[in-house]
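Chemist: Next come the chains, spelled out residue by residue.
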Amino acid sequence: MMTCKEATDQVTDYLDGRVPHGKRIGIWLHLMMCVRCRSYVNQMRQVVELIGDLSKQPLTTAPPDVRDALMAEFRRRKNAPADGPGHVEDGEDAEDAEDER
Amino acid sequence: MTSDDEATWVRRLKQGDEAAFERLIDTYYGAMLRLARSLCPDPATAEDVVQETWFAILSAIARFEGRSTLKTWIFAILTNQARKRAAKDRRFAAWLLGDTTEDEAIAGPDCATAQAAMSPWPLDAEAKVHRDQVLTIVQEAIENLPSNQRTVVILRDIEGLEPAEVCELLKITDGNQRVLLHRGRVSIRNTADQALNPNPEMSR
Ligand SMILES: [Zn+2]
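Here the protein sequences come in this chain order: A and B. For the first sequence, the working numbering begins at 742 and goes up steadily by one. For the second sequence, the working numbering begins at 1262 and goes up steadily by one.
Chain A on its own, in the form it takes in the complex (with noise of 0.2 Å):
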């Protein structure tokens, strides 16, 4: 039988859904008999669930400044749309992040 360590050093691909099938009815049948497995997989389980949950809390706002200054960046550009070419760097960086995919 698989040892409560080799059980649990694998919860999170577990969780995860990535564990491949001979190995996840090693999991699933250790925990069948062993109950502080169980008990740890399910404080993983919510633990996931904690975490998750901060995602539905509210978040910092943009200063008020900040937001007018970036409002009036993007009033100016749409009103010079020749800006394109005074700013490749930051566009490259940019194009970087969507050909990297």
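These aren't lab readings, by the way, just hints derived from the structure by calculation. Watch out, some of these pointers could steer you wrong.
Cut-off 25 Å, straight-line C-alpha distance, at most; resulting in silico cross-link-like pairs (PhoX-like, lysine-lysine) [as the list claims (entries may be wrong)]:
1) K797(A) <-> K1332(B)
2) K1332(B) <-> K1432(B)
3) K1275(B) <-> K819(A)
4) K1345(B) <-> K1332(B)
5) K1332(B) <-> K1275(B)
6) K1275(B) <-> K1349(B)
7) K764(A) <-> K746(A)
8) K1432(B) <-> K1345(B)
9) K1332(B) <-> K819(A)
Covered stretches of chain A, as calculated for chain B (at least 3 residues, CB under 8 Å) [to be verified]:
10) 777-787
11) 812-818
Computed from a predicted structure; not experimentally measured. Cβ atoms here follow ideal geometry from the backbone N, Cα and C, with glycine treated the same way.
We have chain A already, so just place chain B with the ligand on it with the hints.
Modeler: Just chain B with the ligand now, with coordinates in the frame of chain A:
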């Protein structure tokens, strides 16, 4: 948000629609700052990186083709900006520049830790106030993680990005991503367990 909604939103952004840009600020400013704080050595640098990211977004939005979600695209620009900054600033964590020497085996819990897990957490039976307290503990535990673990936990478990997206953003391997996520979650679990079961031997 459906991908249709997002496509419409992006089209409006490209057309210079101010409401669409305001929505972009309202939707992503906080998440960008959270990610930047995780990557940067201090809050002021994080704010700088967020600001640089906004300027890069303004320059590049016209060329965004929707091959990733808007969120992932913005995070990719932000991590690029942070890497640029890290190249000039030694206070940044080494992993941001591709130093992944930390790639050791998973430090999983030993049996003693698994024994402590005997006491189930009193979460379900408790009122909402209790859950909020636990959330505060979890939040603090995240903030105290090493920056690479923290960043992976934020991207995977808070922002809901796919493993492959996280690897791409942070330039790490899938194996490394899994180890960092696992270590981060284990460490948060241990902190929560200490708070919820301060004396597991007694409660058994
Ligand atoms: Zn066990």
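Chemist: Please go over all the hints and tell whether each is borne out by the structure.
Modeler: Do the hints match the structure? See the list:
1. K797(A) <-> K1332(B): Answer holds: K797(A) to K1332(B) is near 16 Å, not above 25 Å.
2. K1332(B) <-> K1432(B): holds, 17 Å
3. K1275(B) <-> K819(A): Distance of about 9 Å is within 25 Å: holds.
4. K1345(B) <-> K1332(B): Satisfied, since the Cα-Cα distance of roughly 20 Å is no more than 25 Å.
5. K1332(B) <-> K1275(B): holds, 16 Å
6. K1275(B) <-> K1349(B): violated, 33 Å
7. K764(A) <-> K746(A): holds, 14 Å
8. K1432(B) <-> K1345(B): holds, 14 Å
9. K1332(B) <-> K819(A): Holds, at roughly 22 Å.
10. 777-787: Three-residue rule met by the segment 777-787 of chain A, so holds; n is 8.
11. 812-818: holds (count 5)
The structure fails to meet hint 6 from the earlier list, while all remaining hints are met.
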